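Residue numbers for the sequence shown follow the working numbering, so the first one is 1379 and each next one is one higher.
If you're looking for bench data, these hints aren't it; they were derived computationally from the structure.
None of the values given here were measured: they were computed from a predicted structure.
Check the hints yourself; a few may be wrong.
Stated by the list, open to error - Label-pair distances were calculated between CB atoms; the ranges are: (1) V1503 <-> L1459: 36 to 42 Å; (2) R1561 <-> V1503: 27 to 33 Å; (3) I1557 <-> T1416: 20 to 26 Å; (4) A1466 <-> G1518: 24 to 30 Å; (5) R1561 <-> A1466: 22 to 28 Å; (6) A1575 <-> T1428: 15 to 21 Å; (7) Y1519 <-> P1568: 17 to 23 Å; (8) T1416 <-> E1564: 51 to 57 Å; (9) T1416 <-> A1473: 41 to 47 Å; (10) P1526 <-> L1489: 45 to 51 Å.
Built from N, CA and C at the ideal position, the CB exists for glycine as well.
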Amino acid sequence: MHIGELEVLRWAHILAMVYWLGGEWGVFQTSYNVTNPTLALDERRRHMETAYRIDILARTGIILLLPLGLHMGTIYGFVPLDGAQLIAMWVIFIAWISLTWSAFLTRETDLGLRLTKIDEAIRYVVIPGLFLVSIASMLGYGPLDIGPGTLWYGAKMALYAFALCIGLGLRFIMRAWTIRFRRLAEGPNPAEEAALAREISLGRLMAYVYWLTIASVCFLGATKPF
1379 MHIGELEVLR
1389 WAHILAMVYW
1399 LGGEWGVFQT
1409 SYNVTNPTLA
1419 LDERRRHMET
1429 AYRIDILART
1439 GIILLLPLGL
1449 HMGTIYGFVP
1459 LDGAQLIAMW
1469 VIFIAWISLT
1479 WSAFLTRETD
1489 LGLRLTKIDE
1499 AIRYVVIPGL
1509 FLVSIASMLG
1519 YGPLDIGPGT
1529 LWYGAKMALY
1539 AFALCIGLGL
1549 RFIMRAWTIR
1559 FRRLAEGPNP
1569 AEEAALAREI
1579 SLGRLMAYVY
1589 WLTIASVCFL
1599 GATKPF
């Protein structure tokens, strides 16, 4: 039996998608206890710790989807990258994942907050870049070599970029938890509790759109409809 490069990449791509979707669902459910003011603060912090441990898998998955998708796109002939450029791409993304894990491991410190902000700042470059590449390519201006019958690849990239936008908003909310729980540890703080309630309500609405977008990305990749 021969297992080719594309098959391994496709398997890893599916696995990353599963961790992304499943991780986000886990954080969503855990958030109910994180923001429940009737629970003791220590218990809420334990649930927050659980949420962070689940979320790191989702964060890893969503980042990995991009280099995996670009690598497969290169094999399909959509993405104009040669061997050396593919290696450079993977080095860059491994560095990004290392940054994400460093932020996770130091999440309760000021260093962790700084690393998280750097992680978020990378998305300020990646998101508009993906939108620009996908839309320009679907209009026939490149750099992706796509057209009728392969436009699904550009559309998938655009939806992925949109998902990154939502994910960035959810990252803002989780980053704020660290600061808010530091203040709550100082004593009862109705203003912080109200802020938590507002943020989690918004976050849950965003999560529903997030899951719909993820499902759409999966659909395009699986069916390649246009």
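Hints versus structure:
Between V1503 and L1459 the beta carbons are some 18 Å apart, a value that contradicts the proposed interval 36 to 42 Å. Under the hint 27 to 33 Å, the C-beta atoms of R1561 and V1503, about 32 Å apart, fit the expected range. Checking the proposed 20 to 26 Å range against I1557 and T1416 shows it holds: the Cβ atoms sit about 22 Å from each other. The hint said 24 to 30 Å for the Cβ distance between A1466 and G1518, and at roughly 27 Å that hint holds.
As the Cβ distance of R1561 to A1466 is approximately 43 Å, the hint placing it in 22 to 28 Å is violated. A hinted range of 15 to 21 Å for the beta carbons of A1575 and T1428 is consistent with their spacing of about 20 Å. Checked against the given bound of 17 to 23 Å, the beta carbons of Y1519 and P1568, roughly 54 Å apart, lie outside it. A hinted range of 51 to 57 Å is violated for the C-beta pair T1416 and E1564, which are about 19 Å apart.
Range check, T1416 to A1473: about 43 Å between beta-carbon atoms, so the 41 to 47 Å window is met. As the Cβ distance of P1526 to L1489 is approximately 50 Å, the hint placing it in 45 to 51 Å holds.
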